[in-house]
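For the protein sequence lines, the chains are A and B, in the order given.
FYI, this note's numbering numbers position 159 of the first sequence as 165, with every residue one higher than the one before it.
FYI, this note's numbering numbers position 550 of the second sequence as 755, with every residue one higher than the one before it.
No lab work stands behind these hints, which were simulated from the structure alone.
Heads up, some of the hints might be wrong.
If you only want the chain B side, here are some residues facing chain A, beta carbon under 8 Å, derived [said to hold, decoys possible]: (1) T239; (2) S327; (3) A330; (4) L519; (5) I699.
Don't be surprised by glycine CBs; every beta carbon is placed ideally from N, CA and C.
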Amino acid sequence: MSVTPIQLARISNSQKIGRSQSSIALTQARLQQVQDQLTTGRRINAPSDDPGNATVAIQLQQVLDKRVAYADNLTAATSQLSQVDNSLANLTALLQQAKTLASANVGSDVSADQRNSAAAVVQSIYTQVLAIGNSQFGGTYLFAGDKGNAPPYVEAGGGVSFVGSSRTLANVFDDSKAIGFTVDPQTIFGGLSARTLGSTTLDPALTANTRLSDLAGAAGNGVSKTAFKLSNGSTTATIDLTGADTAQDVVNRINAATVGGITASLSGDHFILSSAVVGELITVSDIAGGTAAKDLGITATSSAFPVTGQSVAPKVTNLTPLGSLFAGAGLIGGGGIQLSNGTNTATVSLAGLTTVEDLLNKINQSGVGALARINANGTGIDIVNSAQGLPLSVGEAGGTIATQLGVKSFSNTLLLSDFNNGQGVRTAGNGNTIDFTITAKDGSSVAVDIGAATTVADVLNAINAAGAGKVTASLATTGTGIVLTDVSGGIGSLTVASANLSNTAEDLGINGTTPGATLNGRDTAPLQTPGVFSDLLSLLKALQGNSTAGITHAAAGIQSDLTQVINARGANGAAVKSFQSRADDLKGQNLATESLLSDIVDTDYTEATTRYTNLQTILQANYQTTSKMLQTSLLDYLR
Amino acid sequence: MSLFGSLNIGRNALAVQQGALQITSNNIANAGNTDYTRQSGRIVSAGDQRGGNGFLSGGGVDLIGINRNIDNALQGRLRSAVSDNNAAGTAQQWLGQVESVFNALGSTGLDGQLSAFFNSWSKLANAPQDAGQRQVVLTSGQGLARSFNSVSSQLDGIQTSLDQNLSGVSGDATRLAQQVADLNKQISVTEGGGNGQANNLRDQRDAALKQLSQLVNISTTEDKGQVNVFIGSQPLVLGSANRGLSVQQTIVNGVSQASLAFQDDGGPVPATGGQLGGLLAVRQAVSDVQGQVDGLAGNLIFELNKIHSSGQGLVGFSSTSSTNVVADPTAALDTAGAGLAFKPTNGSFVVQVTNKSTGQVTSTLVKVNLSGTGAPTTLNSLAGDLNGVSGLSAAVVNGKLTISGASPDVTFSFSQDSSGALAALGVNSFFTGTDASTVGVNAALTGNPQLLAASANGSAGDNTSAVTIAALNTKPLASLQGLTLRGKYNSTIINLASNTAIAKTEAAAADNVQQTLEAQRESLSGVSTDEESINLVQQQKAYQAAAQLVSTVNQMLETILAMLK
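Given only the sequences and the hints, what does the whole structure look like? Please build it.
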């Protein structure tokens, strides 16, 4: 309380009254303040009560508010993954049951009827597993990645297609990076073939509409939208790429700078600098700390026109025109792509397609389970098989389009180890070298030893070498497989037969006979998609078909599925545990923050009560002194 | 030296004591009047008289005037302390009101709403398809918008009250100034004839000046009994002339601004103290806060819409219309002619057209050319470009862009907008409006929550856009000079709190100064009844003594006269 200094000669009546009034008012105001603190329980009721501490209080409150979302997210993630755990427990039990059934029915003492009735049980297991794969949690399909609005596993054409996504969803659970809270269904049920077609870099050309954000950049670091220097020796301009969106914007900015006669243009997958002034020295350099010129591949000092930049490696996007592929050369020749899943064959023709997206749409809608997409690095197109239980072959439809795109499933570079669902091609054993014999139409016999062949090209070479003048081997120009053509000119049949009990010809898909001049081999290396459904369907077929070999094979598959599911369940359990411990940590952190906040904004009752009592005493003293002082007057004594 | 001389002295002494008694009684009567200045008589011994014997003898006593016990310099200091105190008190009172608008430490204020809003997006990311959580996002968005609207309208209300107060107080100040001018005239007339001061008129004038100093900072000079009043260096009252104050409303950038002016020539009034000074300072402070809140809302709207407009909902649009009107559809979108509150930049966006029956998606790049080279993108050209996309039809209707699927089988969505044009136009936007008073949630979303864009890759179950929006809460923004939205809010609140706290401290300090000066003034000019009682006794005794003197002289005269019988 401020006290007016007393150094005054006289004290007037109003002064006495005024002082009493103001000291009573001040004490009452202070009492009111303490009373507020006591009744609200808060020391700071408005930020202006204590701006410094209020700042901290507001920030702490914001931290607590933010953690409300974190806590909710942790709860949601825990219940989501617990639901997954539940599903995985059921799935494990079902696969165990299937495995037991397989072992029980593999023996020679089991009759076809018994196997048929076991098949009915497997059918039911399959249906239940499919239901688990398509189970929902809170209206979202649990195993559909980011496509949770539709069932991820769809029965089609005797197989099961995965139409979900492997992309897991992530959210924030603390102030660091987002982490995933959904599972990748592929790691549980399987979904896409392990073999991926698409080995070719498609190298799209720069177009006026190519966005800078879609360039991998000359150094592979994208394109930094900063500034660089352009000079002709006498004039130097700083070209600022801030706000530039497309390759054409870069060209426009260089041209607008009018440095001597220097102009820029687009060519193929790179920028070109040129000059209208003969002998002009073009110098492009980055400013300190900048990488724009390097990213654009045009760092140069040259007077030899045109100055050709390095490739800026434009990425393949949905918007990339097909005509811009291969640095603008496009796809050469007609034809298209033939896709087959064993029962259905579809041909994708390039006619009428303009962009990569159009092509992907056509392939994805071909109805054979093929899934075409742009690869992760944006350098080309991948095709995978999304259907379990159905093979996928991708070949030419009369041209070389599939080869150019690098998506041919049966190509010269195909490894023999990829044949027969990864079981490879068996060769003659027991010290024998001849794997199969080809009988040409003129009756001559060609013994073929594929020797140490590792690729299809090796096999074709071996056949062509052994059968010189009699028979030639090549890849099918439409569809897939090896084609044997008789050149002996005889009138007999063209026959391929196994030698030395070898399975080589069968494994290559070329055993058989034909009265014609060409023997079209079967595709024994289609893309197969492993997974729970594929194995259950194999088991079902094997039981129905009374095939012990099939049952054994399917049982092995189910065993590996089981291992995968158990691993996935373990990983999922660890994730649940980690979310739970994060939730516990968060509670601890909240306690600490709340106590800090309370220290700042909450009333210290001991202190406040003491102050309250103290102020009451002061107020009483005020009243008493005032009443005494005002009562006494000199007049009382002047009688 | 005669008996009659003594009688005369006695008579004078009686008259002087009566006069002194009158002064004392006037003082006692005004003991409770704080405007009153204690008066005291100037009593002197009367001049010498030469008696018959040639000696000079005293002539008794004389009352030659009545003094006001006043220190004019102290009065001036007191007035300036009163001005300071009133300015700080006014600021404290009003800023406290502004502070309470935000309820910054409560859970229901703007801050709590911001938290709830961003949390709802974070929770949506857990289940992006969940209809209930979508509704929660929309509801909390509306809550936040209403909070902004309410803060804005309450601040507007405070501005209106401030303006009303300003004109009321300036009217009072004009009346008081008139009173001073009138009193100047009266004092001049009253004092003009004889000697002595018109003490009570002067008291009235001092009271008027003190009241005036409560309203505005004044300084005074006295010239021949008349007081000239100045505000800063500008005269308000010169002699008996009053210039008067008035409030002028001007519109600056669409915002009404009040300022003080002199009535006679409309010149600006440099009011920095008193209630007027306080009100003007608060008005400026409230304007600043309004600007900051509008800036916060504007940044939230544009930054969030930029993310939202590049995202996709559970379903595509079958038709949509932009929410922001373009004044001139033939003007480049980033120019003043287009009249957009948020300016798009050079860039492009992708529009995806989905055939509902086949599920086939066709993407098309739409360029927004604001690079300065080539024909710039206008609303008309943008509509033309969109119209050229297979499956879409687009048109400009009343300055708004309307886009619709060419057939019922077609839906469309947007992505990868690097230009901000969609957000600037209000296509596929979350918030509508441009500032705190106009912000709202896009009615298209409340009508169909499935259009809420939680996805950024086109998959309905994706949550990328929701996660990005939730992170906007704490993302440093270039448009806020590297501050986050919450940082901006915090700095606004803390600024306001500091100003309010400073006003409180200043008010307490100014009050202290005023009390000290008032004590000094009271000490000099205030009436003490004790002192007056003593005076009273003294005067009574002096009167009795003088009366006794007259009586004694009378007896002596009678003795002389008896000798003559």
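Quick check: which numbered hints come out false for this structure?
none
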